[in-house]
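Participant: Going down the list, the sequences are from chains G and Z.
Mapping to my numbering: the first sequence position 134 is 134, numbers consecutive.
Mapping to my numbering: the second sequence position 145 is 145, numbers consecutive.
Simulated from the structure, these hints should not be mistaken for laboratory data.
Fair warning: there could be bad hints in the mix.
It does not matter which identical chain is meant; a pair holds if it fits inside one copy or across any two.
For lysine-lysine, the following DSS-like pairs were computed, each having C-alpha atoms within a straight-line distance of at most 25 Å [to be verified]: (1) Lys24 <-> Lys121; (2) Lys52 <-> Lys124; (3) Lys77 <-> Lys27; (4) Lys121 <-> Lys3; (5) Lys27 <-> Lys2; (6) Lys88 <-> Lys77; (7) Lys121 <-> Lys27; (8) Lys88 <-> Lys52; (9) Lys180 <-> Lys158; (10) Lys2 <-> Lys158; (11) Lys158 <-> Lys124; (12) Lys24 <-> Lys77; (13) Lys24 <-> Lys124; (14) Lys102 <-> Lys27; (15) Lys2 <-> Lys24; (16) Lys158 <-> Lys3.
Number of protein chains: 2
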Amino acid sequence: MKKSLGARTLVYPTPVFVVCTYDKAGKPNAMTAAWGGICCSQPPAVAVSLRKATYTYGNIVQRNAFTINIPSEDYAKEADYFGMASGKTQDKFAASGLTPAKSEIVDAPSIAEFHFVLECKLIKTVEIGLHTQFIGQVMDLKADDAVIGDTGLPEIEKVRPLIYVPETGDYFSVGGHVGKAFSIGRTVGR
Amino acid sequence: MKKSLGARTLVYPTPVFVVCTYDKAGKPNAMTAAWGGICCSQPPAVAVSLRKATYTYGNIVQRNAFTINIPSEDYAKEADYFGMASGKTQDKFAASGLTPAKSEIVDAPSIAEFHFVLECKLIKTVEIGLHTQFIGQVMDLKADDAVIGDTGLPEIEKVRPLIYVPETGDYFSVGGHVGKAFSIGRTVGR
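One chain only, chain G, in its complex shape:
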């Protein structure tokens, strides 16, 4: 029996995206966001929603660029910190001890220690309400050798990304392999 729980922003899974930008003065900043995901295949694009009050909001409007960095479980503390502190008052890279790296293609830094980054160019801004959605065209995906498997692609078991659970505020890891997509459903209805 299903219960009505009201109009909540709860769905599974939500990501832990560390969004990196430069401010006016060129100071690199990192902020964690869970409201986002891939939003288009052609052009390849990813969406992330931010409140106007965030420092990152102004940085993206000004630079038209951001990177999405995926922390492994090993960097859960740093990712959590990036979601609490503000770049307005703090140098979050300095405080975390992580290293800002220049991007090849876009005007935004990435986190050197993280193994997976999308370089994004802002192509659309969507006003929704409390959050503004930034849609970035994925210009390049860069991944560390350490997380790339035999197929030449990153492997989720090596990337070990975090899963965020809204409402209760918890981070989870990724579990085991369940099945192949576009495959395990072939027997349904047959």
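Assemble the complex: chain G is given as a structure, and chain Z must be docked to it using the hints.
Facilitator: Relative to the frame of chain G, chain Z by itself:
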């Protein structure tokens, strides 16, 4: 050392959203999408991107409503099937043996057997490219007693949602608890 892997739609995690709608004639349909996520807190809103070629696209344009149903691992096969077959030529509910349930608030069905559903009213349509993004205001979250924990909220360990990995096309489960959000990062920089 990071390698450039090109402009790919790969990020971790992406969800397995089963989007349910009615067609013109009132036939319920279910389709699986991984391009989506929460996009606003106020109003509470969720985004899902679909190609114009899908049957669900036309249904949402016509009915201005959809539901997002979260399959547990037990329904990985059905979710995969919903992502391959088209409602244009098939009655996917009949083929899967799953039961369409009338929603209380929106003009879209949900899947009775799934334990978690968001009822959504279309509030914005964003043209991006191959995919069109539908932004739905979450009107209600309904969850089965079986997945609700002591706090009165659903628990991810009980919902057992799937995680989709693009590019390689794999489903994974959720693993263990890593830490509390807005908490484990408090020691960083101190």
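Participant: Would you mind marking each hint as holding or not holding in the structure?
Facilitator: We went through each hint and held it up to the structure:
1. Proximity of lysine 24 and lysine 121 under a CA criterion of 25 Å is satisfied intra-copy only: 17 Å inside one chain copy versus 39 Å between copies.
2. Taking identical chains as interchangeable, the C-alpha atoms of lysine 52 and lysine 124 lie at most 25 Å apart whether they share a chain (15 Å) or sit on different chains (19 Å).
3. Taking the closest pair of Cα atoms, lysine 77 and lysine 27 come within 25 Å of each other only inside a single copy of the chain (22 Å); across copies the shortest separation is 48 Å, beyond that limit.
4. Taking identical chains as interchangeable, the C-alpha atoms of lysine 121 and lysine 3 lie at most 25 Å apart only when they sit on different chains, with a minimum of 19 Å there against 42 Å within one chain.
5. For a Cα distance limit of 25 Å, the shortest separation of lysine 27 from lysine 2 across copies, 23 Å, qualifies, whereas the shortest one inside one copy, 49 Å, does not.
6. For the identical chains of this complex, lysine 88 and lysine 77 are intra-copy neighbours only, at 20 Å inside a copy versus 47 Å across copies, given an alpha-carbon limit of 25 Å.
7. Proximity of lysine 121 and lysine 27 under a CA criterion of 25 Å is satisfied intra-copy only: 18 Å inside one chain copy versus 40 Å between copies.
8. Taking the shortest alpha-carbon separations for lysine 88 and lysine 52, only the intra-copy value of 13 Å comes in at or below 25 Å, while the best inter-copy value is 41 Å.
9. In the homo-oligomer, the alpha carbons of lysine 180 and lysine 158 lie at most 25 Å apart both inside one protomer (18 Å) and across protomers (22 Å), since each shortest distance falls under that limit.
10. Only between protomers do lysine 2 and lysine 158 lie at most 25 Å apart by alpha-carbon distance; the minimum there is 14 Å, versus 37 Å within a single protomer.
11. Taking the shortest alpha-carbon separations for lysine 158 and lysine 124, neither the intra-copy value of 32 Å nor the inter-copy value of 37 Å comes in at or below 25 Å.
12. For the identical chains of this complex, lysine 24 and lysine 77 are neighbours neither inside a copy (27 Å) nor across copies (50 Å), given an alpha-carbon limit of 25 Å.
13. For a Cα distance limit of 25 Å, the shortest separation of lysine 24 from lysine 124 inside one copy, 21 Å, qualifies, whereas the shortest one across copies, 32 Å, does not.
14. In this assembly of identical chains, lysine 102 and lysine 27 lie within 25 Å of each other by CA distance solely inside one copy; the values are 12 Å within and 52 Å between copies.
15. Proximity of lysine 2 to lysine 24 under the C-alpha cut-off of 25 Å is found in neither arrangement, the shortest distances being 50 Å within a copy and 27 Å between copies.
16. Taking the closest pair of Cα atoms, lysine 158 and lysine 3 come within 25 Å of each other only across two copies (15 Å); inside a single copy the shortest separation is 38 Å, beyond that limit.
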